[in-house]
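Undergrad: In case you want the letters, here they are:
Number of protein chains: 2
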Amino acid sequence: MSDDTATELLAATYRALCRHGYADLTLADVADEADRSKAAIHYDDDGETLFVEFLDVLYERDTARLPSVDGGTPREQLSALLAAVLIDEGAAPDQRFRTALLAVSVQAPYDDAVQTRLSNFDAVLYERLRAIVAAGVESGEFDATVEAAVAAEFPVTAITGAHTRRVAVKRSSETLSEALTWYIDRQLLADGAPEAAH
Amino acid sequence: MSDDTATELLAATYRALCRHGYADLTLADVADEADRSKAAIHYDDDGETLFVEFLDVLYERDTARLPSVDGGTPREQLSALLAAVLIDEGAAPDQRFRTALLAVSVQAPYDDAVQTRLSNFDAVLYERLRAIVAAGVESGEFDATVEAAVAAEFPVTAITGAHTRRVAVKRSSETLSEALTWYIDRQLLADGAPEAAH
Numbered sequence: 001m002s003d004d005t006a007t008e009l010l011a012a013t014y015r016a017l018c019r020h021g022y023a024d025l026t027l028a029d030v031a032d033e034a035d036r037s038k039a040a041i042h043y044d045d046d047g048e049t050l051f052v053e054f055l056d057v058l059y060e061r062d063t064a065r066l067p068s069v070d071g072g073t074p075r076e077q078l079s080a081l082l083a084a085v086l087i088d089e090g091a092a093p094d095q096r097f098r099t100a101l102l103a104v105s106v107q108a109p110y111d112d113a114v115q116t117r118l119s120n121f122d123a124v125l126y127e128r129l130r131a132i133v134a135a136g137v138e139s140g141e142f143d144a145t146v147e148a149a150v151a152a153e154f155p156v157t158a159i160t161g162a163h164t165r166r167v168a169v170k171r172s173s174e175t176l177s178e179a180l181t182w183y184i185d186r187q188l189l190a191d192g193a194p195e196a197a198h
Numbered sequence: 199m200s201d202d203t204a205t206e207l208l209a210a211t212y213r214a215l216c217r218h219g220y221a222d223l224t225l226a227d228v229a230d231e232a233d234r235s236k237a238a239i240h241y242d243d244d245g246e247t248l249f250v251e252f253l254d255v256l257y258e259r260d261t262a263r264l265p266s267v268d269g270g271t272p273r274e275q276l277s278a279l280l281a282a283v284l285i286d287e288g289a290a291p292d293q294r295f296r297t298a299l300l301a302v303s304v305q306a307p308y309d310d311a312v313q314t315r316l317s318n319f320d321a322v323l324y325e326r327l328r329a330i331v332a333a334g335v336e337s338g339e340f341d342a343t344v345e346a347a348v349a350a351e352f353p354v355t356a357i358t359g360a361h362t363r364r365v366a367v368k369r370s371s372e373t374l375s376e377a378l379t380w381y382i383d384r385q386l387l388a389d390g391a392p393e394a395a396h
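Chains as they are written, first to last, in this note's numbering: chain U, 1 to 198; chain Z, 199 to 396.
If you're looking for bench data, these hints aren't it; they were derived computationally from the structure.
Given the structure is predicted, the values throughout are model-derived calculations rather than measurements.
Yeah, the Cβ is synthetic: ideal placement off N, Cα and C, and Gly gets one too.
It is possible that part of the hints are untrue.
As a list, the in silico EDC-like pairs of lysine to aspartate or glutamate whose alpha-carbon atoms are at most 20 Å apart [as the list claims (entries may be wrong)]:
1. 368/Z - 111/U
2. 368/Z - 127/U
3. 368/Z - 112/U
4. 170/U - 325/Z
5. 170/U - 310/Z
6. 368/Z - 122/U
7. 170/U - 320/Z
8. 170/U - 309/Z
A short, non-exhaustive set of chain U residues, derived as facing chain Z with CB atoms under 7 Å [said to hold, decoys possible]:
9. 102
10. 103
11. 118
12. 162
13. 168
14. 175
Assemble the whole structure, with the sequences as input and the hints as a guide.
TA: Here it is, written out as structure tokens:
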């Protein structure tokens, strides 16, 4: 499909998910949001296919965004990346969108195509964090004893947990953001490196 | 209800959730697992009520277990508690149970009773971790600059994320466990305190 069609479908699916939630969403709802007939959307009449396609578009959009945190030192890149993936607080449409994505996650054990897409998201974020930490160790900004593969696992898992807690218990990510800054400064930074201004 | 009845219901609900998953579960399935008639289970004929009751029993059982990590230094208590809540790897019934609990989490924004129960779980784990960290700071085992409220937020969020990632992307908690040990040793321990043997 063309980029324009993909973008239009993404926007329509996003709006429909926010309005109806995952459980009640129909292809007709997406078509309503897209302001064109259901027949004009070239997908199987099968919710799962639509969601896999939706995850693919979301993946392209989000991974295209990640490089925008380039520039600066590894510590600055890390802070910018973590802030970007946690900057989802407060807005009600986003809360509904997070709920819908969590509902998609529940389908993963029963749908290989969904699990593969979610695994790709997870792997891209993890690899990006790991690479930044490794670059920091290489440049000497981060402590030489830091193992990038282990150091990246904690934030990736916490980010996933922050999204789940936001849905399940309405927990804000504010304290977690503070904890992540503290983690970077105390756990990763080489002794003697100046701490970031807070 | 009596403790025996609660335990029996919990076991039956657990087995039924593992067998059928959340979405397809009916009260009759639970009754089948409990090996008694549906009528003998004194609940409304309403799935939600059953799940709220189920969460209540689960809450009592799990919070009763938490004090069993008492004894030892705060660092040892922290390691034992984190190991206990992450010791859910590998077993397929547990994987299905985690999926069912995640499905319950998706219901939280639409069901105050469910959200309240999940919030209680979250708060108990958080408060337990916070208290252990605070005791470690008090005793001098942990660094005096550690803020217990911030230090506890990271593990609680990561534990939630580990449960979600296990369902969504089949990620094992092995590397996270390693990261948590490293977090305790480097981030929390006072300078000069001996590191735990790994």
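Undergrad: When the structure is checked against the list of hints, which entries are broken? Sort them ascending.
TA: No numbers; nothing is violated.
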